[in-house]
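**Q** Using the sequences provided together with the hints, build the complete structure.
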Amino acid sequence: MSKQNTFDKKRPFAFGLILLWAGCAFGQAPVDLPPQTLTRSDISTNPISILPTLGEGRNFFDVNAFANAVFDTNAPIFQNGTYQGITGQTGVGFELGGGVTASRITPTAQFLLGYTGGFRDYSTQSYPSGSNHNLSLYATKILARRWTLNVGGNAGIFFNGGNAYQVSSSLTSTNLGQGVVLNPFSQNTKYASASVSLSYQQSLRWSYTIGGDFFLSRYYGFGSFGSTGGDGTGSVTYRLTRVTSLSGSYSHSYYGYQNAAGSSGVDSVFATLSHDFRRAHWRVGASGGVARVNSQGAYFIPGFLPSSINQQLTSVITQGTYKTTSTLPSFQGSASRTWKRSALTVAGGQSINSGNGIYLTSRNLFLSGFYSMAYRNSSLSFGGTFSRLSSIANTISTAYESSGSDVSYYRKLTRYFGVSAHYDLTYYSNIGSVGGRIDNRVSFGLTFNSSDIPFSYF
Numbered sequence: 003m004s005k006q007n008t009f010d011k012k013r014p015f016a017f018g019l020i021l022l023w024a025g026c027a028f029g030q031a032p033v034d035l036p037p038q039t040l041t042r043s044d045i046s047t048n049p050i051s052i053l054p055t056l057g058e059g060r061n062f063f064d065v066n067a068f069a070n071a072v073f074d075t076n077a078p079i080f081q082n083g084t085y086q087g088i089t090g091q092t093g094v095g096f097e098l099g100g101g102v103t104a105s106r107i108t109p110t111a112q113f114l115l116g117y118t119g120g121f122r123d124y125s126t127q128s129y130p131s132g133s134n135h136n137l138s139l140y141a142t143k144i145l146a147r148r149w150t151l152n153v154g155g156n157a158g159i160f161f162n163g164g165n166a167y168q169v170s171s172s173l174t175s176t177n178l179g180q181g182v183v184l185n186p187f188s189q190n191t192k193y194a195s196a197s198v199s200l201s202y203q204q205s206l207r208w209s210y211t212i213g214g215d216f217f218l219s220r221y222y223g224f225g226s227f228g229s230t231g232g233d234g235t236g237s238v239t240y241r242l243t244r245v246t247s248l249s250g251s252y253s254h255s256y257y258g259y260q261n262a263a264g265s266s267g268v269d270s271v272f273a274t275l276s277h278d279f280r281r282a283h284w285r286v287g288a289s290g291g292v293a294r295v296n297s298q299g300a301y302f303i304p305g306f307l308p309s310s311i312n313q314q315l316t317s318v319i320t321q322g323t324y325k326t327t328s329t330l331p332s333f334q335g336s337a338s339r340t341w342k343r344s345a346l347t348v349a350g351g352q353s354i355n356s357g358n359g360i361y362l363t364s365r366n367l368f369l370s371g372f373y374s375m376a377y378r379n380s381s382l383s384f385g386g387t388f389s390r391l392s393s394i395a396n397t398i399s400t401a402y403e404s405s406g407s408d409v410s411y412y413r414k415l416t417r418y419f420g421v422s423a424h425y426d427l428t429y430y431s432n433i434g435s436v437g438g439r440i441d442n443r444v445s446f447g448l449t450f451n452s453s454d455i456p457f458s459y460f
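The numbering used here numbers the first residue of the sequence shown as 3 and each following residue consecutively.
If you are wondering where the hints come from, they were derived from the structure by calculation, not from laboratory data.
Treat the hints with care, as some may be off.
To be verified - Per label pair, the in silico range of CB-to-CB distance:
| hint | residue 1 | residue 2 | range |
| --- | --- | --- | --- |
| 1 | R281 | Q127 | 56 to 64 Å |
| 2 | S399 | F446 | 26 to 34 Å |
| 3 | F96 | L248 | 22 to 30 Å |
| 4 | P109 | L200 | 14 to 22 Å |
| 5 | A69 | V292 | 46 to 54 Å |
| 6 | P109 | L427 | 30 to 38 Å |
| 7 | P304 | Y210 | 45 to 53 Å |
| 8 | S133 | V421 | 16 to 24 Å |
| 9 | F384 | L248 | 30 to 38 Å |
| 10 | Q127 | L218 | 25 to 33 Å |
Just so you know, even glycine gets a beta-carbon here, dropped at the ideal spot from N, CA and C.
**A** Structure representation (structure tokens):
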């Protein structure tokens with residue numbers, strides 16, 4: 003087999019899952035092919051939990067379980083001299099769950115699979131009980147000397163909010179920074195996404211990729227409109243050096259909303275520059291271009307809402323039919339670094355996404371990052387995220403912001419058992435004078451892990 007058809011055995015891979023907001027991440031590239039920083043197949047939006055160096059060997063399988071005590075509080079935000087949103091609430095309960103992580107790597111293929119789920123029960127009426135689930139997978143296969151197929155997917159349920167990380171979004175799609183877009187008024191968010199692409203390597207310098215994505219979101223509560231969409235992309239990549247590549251892409255995306263609330267078509271052209279600092283173990287990428295968005299539909303605030311909330315929303319949201327055309331810049335940058343026992347990833351930019359159910363098709367300004375470190379018997383993780391949505395479909399006079407941070411610590415007590423502690427902070431801005439709150443969640447408890455390695459959850 004030629005050198006072009008083998009995986010770089012020196013390059014570590016990364017894969018894991020998180021407790022409430024799971025996903026998968028990876029780093030792989032055939033030798034002598036252009037750097038694959040932020041390719042189509044990087045469809046995951048969440049941080050890793052098992053560090054790259056922990057999954058030693060070509061095959062890996064792990065089963066884990068946890069039992070946690072949970073303490074939640076939320077408080078209305080203070081704005082314009084008054085407290086906005088609902089009255090502060092407190093919830094106390096427990097959480098039971100577990101997951102599976104598996105990988106299989108051969109000279110011509112790679113397969114990664116992860117599932118995590120849990121049920122959270124509160125003893126206080128102010129917080130409803132419910133479950134979280136996430137299933138993630140990724141597969142790549144070298145079909146022939148010049149052909150490579152990539153397939154990936156992610157689906158699950160966010161319960162009672164949380165922080166969704168947009169650190170691995172595709173740069174070759176208009177679905178930049180899409181991620182899991184949470185709704186501040188929804189008890190849970192259901193989401194699904196899938197990606198498939200086919201690449202052809204004409205020479206050591208030239209390669210071509212075609213592919214498509216599917217994405218779906220559904221919200222429970224407050225009359226929000228779920229969305230279903232997809233995109234198709236074609237790109238051409240030119241390898242400037244062994245570690246630097248430049249590509250140009252065209253993509254068309256579509257978003258459709260429930261209850262005939264409308265639809266949007268997005269046409270984008272953009273260029274991507276990526277570089278791999280092999281000695282320093284840094285991978286960086288930047289993308290820039292322009293997106294033209296055509297939106298049309300009819301937006302009406304649901305009539306079953308309390309009259310006081312309805313009146314407050316009508317002061318900032320224009321009801322009725324809409325038909326808009328917008329031309330916007332779209333850009334994104336990302337950098338990642340892997341050490342022997344730790345990993346760092348940061349990303350930011352401006353993208354077009356499907357909105358959060360109240361804001362329909364939106365311009366999304368986002369920034370995310372996380373850092374994880376692991377030792378023989380312990381691990382520590384940090385994460386942070388920020389998002390600012392501005393509707394470019396239905397007219398809303400204010401932007402919507404959300405941000406959050408997470409800290410996680412794990413300590414192994416025996417070969418299979420350990421203890422963990424987690425802290426999550428999430429901020430939701432108000433929409434006009436409705437909503438807006440700050441959530442805090444503390445959880446701690448026992449964990450079981452079938453592999454003799456420490457792992458970390460956000």
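**Q** Now look at each hint and say whether the structure bears it out.
**A** Status of each hint after checking the structure:
1. Against the hinted window of 56 to 64 Å, the Cβ-Cβ separation of R281 and Q127 comes to about 58 Å, which satisfies the hint.
2. Between S399 and F446 the CB atoms are about 42 Å apart, so this pair departs from the stated range of 26 to 34 Å.
3. Checked against the hint of 22 to 30 Å, the C-beta distance between F96 and L248 comes to roughly 52 Å, which is inconsistent with it.
4. Between P109 and L200, the C-beta spacing of about 20 Å keeps the proposed range 14 to 22 Å intact.
5. Between A69 and V292 the beta carbon distance is about 50 Å. The supplied range of 46 to 54 Å therefore holds.
6. Our hint of 30 to 38 Å for P109 and L427 is violated, since their Cβ atoms are close to 44 Å apart.
7. At about 46 Å, the CB distance of P304 to Y210 agrees with the hint of 45 to 53 Å.
8. The hinted range of 16 to 24 Å is satisfied by S133 and V421, whose Cβ atoms lie roughly 23 Å apart.
9. Separation of F384 from L248 is about 33 Å and conforms to the stated range, judged on CB atoms against 30 to 38 Å.
10. At about 32 Å, the beta-carbon gap between Q127 and L218 stays in the expected band of 25 to 33 Å.
The structure is inconsistent with the numbered hints 2, 3, 6, although it conforms to all the rest.
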